[in-house]
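Number of protein chains: 2
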Amino acid sequence: MTNVRLTITTSIDGFVAGPHQSLEDPLGVGGMALHAWALELAAWRSQHGLEGGEVNASTDVVAKSVASTGATVMGRKMFGGPPGPWPDDPWSGWWGDDPPFHHAVFVVTHHPRAPLVCQGGTTFTFVTEGVTAAVELARAAAGERDVNVAGGASIGNQCLAADLLDELHLTVSPVFLGDGERLLADLGVGSPQLAHRETVAAPRAVHYRFDRAR
Amino acid sequence: MTNVRLTITTSIDGFVAGPHQSLEDPLGVGGMALHAWALELAAWRSQHGLEGGEVNASTDVVAKSVASTGATVMGRKMFGGPPGPWPDDPWSGWWGDDPPFHHAVFVVTHHPRAPLVCQGGTTFTFVTEGVTAAVELARAAAGERDVNVAGGASIGNQCLAADLLDELHLTVSPVFLGDGERLLADLGVGSPQLAHRETVAAPRAVHYRFDRAR
Numbered sequence: 005m006t007n008v009r010l011t012i013t014t015s016i017d018g019f020v021a022g023p024h025q026s027l028e029d030p031l032g033v034g035g036m037a038l039h040a041w042a043l044e045l046a047a048w049r050s051q052h053g054l055e056g057g058e059v060n061a062s063t064d065v066v067a068k069s070v071a072s073t074g075a076t077v078m079g080r081k082m083f084g085g086p087p088g089p090w091p092d093d094p095w096s097g098w099w100g101d102d103p104p105f106h107h108a109v110f111v112v113t114h115h116p117r118a119p120l121v122c123q124g125g126t127t128f129t130f131v132t133e134g135v136t137a138a139v140e141l142a143r144a145a146a147g148e149r150d151v152n153v154a155g156g157a158s159i160g161n162q163c164l165a166a167d168l169l170d171e172l173h174l175t176v177s178p179v180f181l182g183d184g185e186r187l188l189a190d191l192g193v194g195s196p197q198l199a200h201r202e203t204v205a206a207p208r209a210v211h212y213r214f215d216r217a218r
Numbered sequence: 005m006t007n008v009r010l011t012i013t014t015s016i017d018g019f020v021a022g023p024h025q026s027l028e029d030p031l032g033v034g035g036m037a038l039h040a041w042a043l044e045l046a047a048w049r050s051q052h053g054l055e056g057g058e059v060n061a062s063t064d065v066v067a068k069s070v071a072s073t074g075a076t077v078m079g080r081k082m083f084g085g086p087p088g089p090w091p092d093d094p095w096s097g098w099w100g101d102d103p104p105f106h107h108a109v110f111v112v113t114h115h116p117r118a119p120l121v122c123q124g125g126t127t128f129t130f131v132t133e134g135v136t137a138a139v140e141l142a143r144a145a146a147g148e149r150d151v152n153v154a155g156g157a158s159i160g161n162q163c164l165a166a167d168l169l170d171e172l173h174l175t176v177s178p179v180f181l182g183d184g185e186r187l188l189a190d191l192g193v194g195s196p197q198l199a200h201r202e203t204v205a206a207p208r209a210v211h212y213r214f215d216r217a218r
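Residue numbers (this note's numbering), protein chains in the order written: chain A, 5 to 218; chain Z, 5 to 218.
Excised from the complex, chain A in its bound form (with noise of 0.2 Å):
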């Protein structure tokens, strides 16, 4: 069975990335630090073709997402860009030639634009109608696998809003960021349907794990 899931990273006071996000510091300021804990990873170095890196708590669930995931969903923003229509020569976001994902990745943004097919199996398909739509397209392209909805902000908090989440794997870093994007924003009492299963505690990091209470 797909099941939809949310992977993704905030400070300790609950920002997926710092303000002033740009082309050159698509994080925001101090958003970097966020993703310490990954980065330092043997797993996420390898990935990005640099040698060493340590093997810690985190790597195991980090191979069991990477392994699970048979689409992805994310916002324009975390495509890469700066908002509005595409240029003319548009430009292939942050993720370069050949984007780790290897597989098929859908896009949400206001603006239509043709399918990117990159090396490696990765293909970026540009949804208008919505983050459930893209979240439909990606359940049917993930096959037995499940749809993970990788950020930012916008798209996470739409997500839980939606109740579009079977779970919620969520990294805690901590560091202040002090601004910027938050998730878990303005929930609501009894928002989202999700309860916590699973505490991991790594170096740089807290991996919490939460399902659709049952």
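In short, the hints are calculated from the structure, not lab data. Predicted, not measured: the structure shown is a model, and the values here were computed from it. For every residue, glycine included, the Cβ atom is placed at its ideal position computed from N, Cα and C. A couple of the hints might just be wrong.
Unchecked claim - Just so you have them, the derived chain A footprint on chain Z, three or more residues with Cβ under 8 Å:
| id | segment |
| --- | --- |
| 1 | 17-30 |
| 2 | 168-181 |
| 3 | 191-202 |
Unchecked claim - Pair ranges (Cβ atoms, derived):
| id | chain 1 | residue 1 | chain 2 | residue 2 | range |
| --- | --- | --- | --- | --- | --- |
| 4 | A | H114 | Z | A61 | 43 to 49 Å |
| 5 | Z | T132 | A | L54 | 54 to 60 Å |
| 6 | Z | G147 | A | E44 | 40 to 46 Å |
| 7 | A | G53 | Z | N7 | 43 to 49 Å |
| 8 | Z | H106 | A | L27 | 56 to 62 Å |
| 9 | A | L54 | Z | E55 | 35 to 41 Å |
| 10 | A | D92 | Z | A165 | 45 to 51 Å |
| 11 | A | A165 | Z | H24 | 20 to 26 Å |
| 12 | A | V121 | Z | A217 | 45 to 51 Å |
Starting from the known structure of chain A, fit chain Z onto it as the hints suggest.
Just chain Z now, kept in the frame of chain A:
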């Protein structure tokens, strides 16, 4: 040396109490769930005249905190009762005849009130000059031990904004409240000047310790 410390529990979405706090529901809708990790500890239960309970990774965290505290600061709402001037026959708060502090407690309030001396060495002193004044009074009362700021969200956020804290002992309970009193709201980039020192994962809680970045 006396350190000033905020010790507080939030939900995974950042609230220290739910909405609609009242005399009947002092922690607001859903708020009691934040403290499940503590209420099931043998240490907490014996302190409140109850038998049984667990010994787990939280036990040592709580024991160290209690042993090192010489004075406590809290907000009016945490002391108890609705806002506004104290009535003629003022209620003595949530804490009963023998409060669990056994030291000087300074309550930040807009409304003057004579000190309240309780059994077991607890005295409540009502401070109308603001949180900084309350922390200074507590520092003088704490002797060689530490000042513990116990909450709620308003007092905690005021201490963070005024840079009064040497340490933050933040416990995160893996439940969603969805609404209520938010801690760590709008700190601003670069605030607080606190660095992560330790994470202790326990049943129904993760304890994070931060202290002044040096």
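We went through each hint and held it up to the structure:
1. Residues of the segment 17-30 of chain Z with a Cβ under 8 Å from some Cβ of chain A number 4, which satisfies the need for three, so the listed coverage holds.
2. For the segment 168-181 of chain Z, the assignment as covered by chain A holds, since 6 residues bring a beta-carbon within under 8 Å of that chain's beta-carbons and 3 suffice.
3. Three residues within the 8 Å Cβ limit are the bar, and the segment 191-202 of chain Z against chain A gives 8, so the coverage statement holds.
4. Roughly 47 Å separates the CB atoms of H114/A and A61/Z, a value that falls within the hinted 43 to 49 Å.
5. The hint said 54 to 60 Å for the Cβ distance between T132/Z and L54/A, and at roughly 58 Å that hint holds.
6. Distance hint check for G147/Z and E44/A: the Cβ-Cβ separation is about 42 Å, which falls inside the suggested range of 40 to 46 Å.
7. One distance hint, 43 to 49 Å for the beta-carbon pair G53/A and N7/Z, holds here, with the actual separation near 45 Å.
8. Between H106/Z and L27/A the CB atoms are about 58 Å apart, so this pair conforms to the stated range of 56 to 62 Å.
9. A hinted range of 35 to 41 Å for the beta carbons of L54/A and E55/Z is inconsistent with their spacing of about 55 Å.
10. Distance hint check: the CB atoms of D92/A and A165/Z are about 47 Å apart, consistent with the given range 45 to 51 Å.
11. Separation of A165/A from H24/Z is about 21 Å and conforms to the stated range, judged on CB atoms against 20 to 26 Å.
12. Separation of V121/A from A217/Z is about 46 Å and conforms to the stated range, judged on CB atoms against 45 to 51 Å.
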